[in-house]
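Using the hints, build the complex out of the two chains.
So the protein sequences, as listed, match chains A and B.
Counting in my numbering, the first sequence runs from 1 upward without gaps.
Counting in my numbering, the second sequence runs from 250 upward without gaps.
Hints were generated in silico from the structure; no laboratory data involved.
These numbers come from a predicted model, not from an experiment.
Do not take every clue at face value.
Here chain A is said to cover these stretches of chain B; the calculated rule only asks that three of the stretch's residues, wherever they fall, bring their Cβ under 8 Å from a Cβ of chain A [as the list claims (entries may be wrong)]:
(1) 278 to 287
(2) 322 to 335
(3) 339 to 346
(4) 427 to 440
Just so it is clear, CB atoms sit at the ideal spot from N, CA and C, and this is done for glycine as well.
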Amino acid sequence: MAINIDKNTYTIAFAAVMVVIVGALLAFLASALSAKISENERLEKQQNILYAMGVNENEGSGSVSFIGTDKVAEAFNTYIKDQLVLEGDKVTSNDAAYLIDLKKEESNAKAGKTRRLPVFVGEKDNKEFYIIPMRGKGLWDAIWGFVAVDKNMIVQGVYFDHKGETPGLGANIKQRYFMDDFIGESILNNGNYVGISVAKGNNDPANELKTDNEVDALAGATITGDGVSAMIKQSISLYKPFLQTIASN
Amino acid sequence: MGILSKKDAALILDPLADNNPITIQVLGICSALAITAELEASIVMAVSVLFVMGMGNVVISLMRNIIPSKIRIIVQLVVVATLVIVVDQVLKAFAYELSKTLSVFVGLIITNCIIMGRFEAFALANGPKRSFLDGIGNAAGYGFILVVIGFFRELLGSGTLLGIKVLGDPIEKTGLYAFGYENNGFMLLSPMALIVVGIIIWVQRSRNPALIEEN
Chain A
1 MAINIDKNTY TIAFAAVMVV IVGALLAFLA SALSAKISEN ERLEKQQNIL
51 YAMGVNENEG SGSVSFIGTD KVAEAFNTYI KDQLVLEGDK VTSNDAAYLI
101 DLKKEESNAK AGKTRRLPVF VGEKDNKEFY IIPMRGKGLW DAIWGFVAVD
151 KNMIVQGVYF DHKGETPGLG ANIKQRYFMD DFIGESILNN GNYVGISVAK
201 GNNDPANELK TDNEVDALAG ATITGDGVSA MIKQSISLYK PFLQTIASN
Chain B
250 MGILSKKDAA LILDPLADNN PITIQVLGIC SALAITAELE ASIVMAVSVL
300 FVMGMGNVVI SLMRNIIPSK IRIIVQLVVV ATLVIVVDQV LKAFAYELSK
350 TLSVFVGLII TNCIIMGRFE AFALANGPKR SFLDGIGNAA GYGFILVVIG
400 FFRELLGSGT LLGIKVLGDP IEKTGLYAFG YENNGFMLLS PMALIVVGII
450 IWVQRSRNPA LIEEN
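Next comes chain B alone, as it looks inside the complex (with noise of 0.2 Å):
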């Protein structure tokens, strides 16, 4: 590898798939079940959540010399809540639009686990290029079971993708919905993607053995 280690490139790459913060250490699952009825929620809070945790791992990594242990977790939430915050503000200004679309994220952000956990695991005790890598290799392993999820979600339960009626109209009865289709609305509802996320971890383990504990 050119610019990466093979260290430093399995920091990207190990959160996606084996050490998956959704499926394998089971963090971040309440923002997961949240945000998912649509797939273009879960591609805004999976990019948002990449640039936080980018920076905010950079930011408290520079930090982790000077942090008095005993406040660290405060430090940690200070650092979270100031990057999403200027985010926020600097898109009113330049991006309302888009700033509009964020604003329910804001405060999912700010709790979600992964963050405070990824700090707490790594920043506070890796360089900051490491600490970037980790943060964000572990937003897109994020990121992308997300947006899995929004795909089945928003496909079986509105029979659209970002919107855009892929499987025809449900009320002028015309593509699937011809043959006496129906969208299960069941999907929209929070539980369904725990059972999505469920389903996902049951075929990451039945791939991978090694993934399963044992008692």
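Bound conformation, chain A alone (with noise of 0.2 Å):
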């Protein structure tokens, strides 16, 4: 059986047979396995967002070690109380908010809609935190996290990630000694609401000053720092309203 494969009827063929085997594949893989996918998502949002109030098991000054997956379902229903939902001046209760997808509010707030804005309340040793869900961008691509403040505006604790930074440089914002810095730092100044940036200047390296809304940046990844300071710093403008009427109580 001879076919001639420098034809072009054979290539045109060839291509297409090709594409629909591919497809078929990919289609096939992807379906079968979005359930598990997504549920992952799932816990490793709640493991986020525990990790943000201080629920992990970090020890000493090691790595980020989150809540493990078989206990994370149990310990979101006890650590988080309330799941709020802000729209406008409406504050509803609602327990799939971590579920929000913060793109897709914000898309939908460019195309003048109203945008939903989760928020969490958990109780740890009869301390209350508010853990407030951020979005922004990095050098690369996406970067995402949650920053748990008390009623005082101090931070309790914040977890970063990204999707596509730099691994040694901008990668590191999710390492325990950038996000370790936050904690106790104050995202008021004066009684307005500036969030915290990562700075240059160094004046601070041991991250002592906790009344500068500073932490000290990461060598070589001034633009994903950047992108963090500009995430706060938004998603506190976001929320000022709703961080008010909690400091004022």
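Below, the structure written as structure tokens:
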């Protein structure tokens, strides 16, 4: 059987068959695995939220260690007292608020619709935490995270993650030594909601000064760091009315 | 040699030294610069490329007689992209933590010129077994250099290896830092990876003058 593989008809047929096979394979794989993948993503979100309010398995000053995936659903019910959704001036309680897709809400807001802003109220050791989700831009791709504040607007914990920042540089925003610097910082400055910026000045490398609204930047990751600063600032300004009502109570 | 003939063994061993894809053929430099600031990332990248190249070379080799030459580059791209997506999806479902570490590499694997280069230069003309060995050999040669660069960049740039502080604590001033040693932040930037590659090439060529091209 001799087929002339240089003929145009063969080339086109080959391309068509290849596309069908590859397309079918990937579509099958995607639909077979999608349930498992979204379950993983759901648990991860719960882990991240709990991490920000200090419910984690960190030891010493080592690496980031989440609460185990087998325990996370239960811990989420225990520690997260309430999940609120802010829509304009309206505040509603919604148990699925943690599943709200911030990216979609962002484009809704751009299209002129009201934006739903989720916020989580946690309680641990008789202390209340308000956990705010954030989303912004790094150097290469999206960055996101959660910041937990108490009612005095002091940061109790943060969690950052990223889609594609450079390993060893920007990717280090999800390392403990960077995230832990935020703990104890205030997002207020003389009563203004200014957030916390990632500063290159190196005035305070050991991060002892907790009232300067600054943490020390990561070397070689200026743009990712600026992205983190901008992300915090933007999220704080979105949630400002809510935070003001908490602070005044 | 028991399992492999001398010729087959050379397919694996040559790219590790005298025909190394990075230091001799100067391919795959872009990813060698991008991800070697940490040893761990280098290792992950090396393993991923090993898998994709071994598999990809076999697939291309099996199809070598039916691939129309006019669209062979497109076919090669489709094969790499499919393999990478399959790996990515399976990891996301069954090893979620690992998949998050890998996500940044997915794009870099597809564009790695060594992979396309070996498909084009070897798998299209050789049988699956030899192509598999060639793929593994070249990926190992690439990975080896990556790990060496990652080792030096992480050690000199951050004072750590695989995230463990091997030189002491720079803030507490313990270990080497007590004697006034400082991390070289320059090592974390891409240009230093190129300089490390340059040093490796220099060492390799001065040990083996046969590698030096004549003008």
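Evaluation of the provided hints:
1. 278 to 287: Answer holds; 5 residues pass the 8 Å Cβ test.
2. 322 to 335: holds (count 6)
3. 339 to 346: Three-residue rule met by the stretch 339 to 346 of chain B, so holds; n is 5.
4. 427 to 440: holds (count 3)
Hint compliance for this structure: every hint is met.
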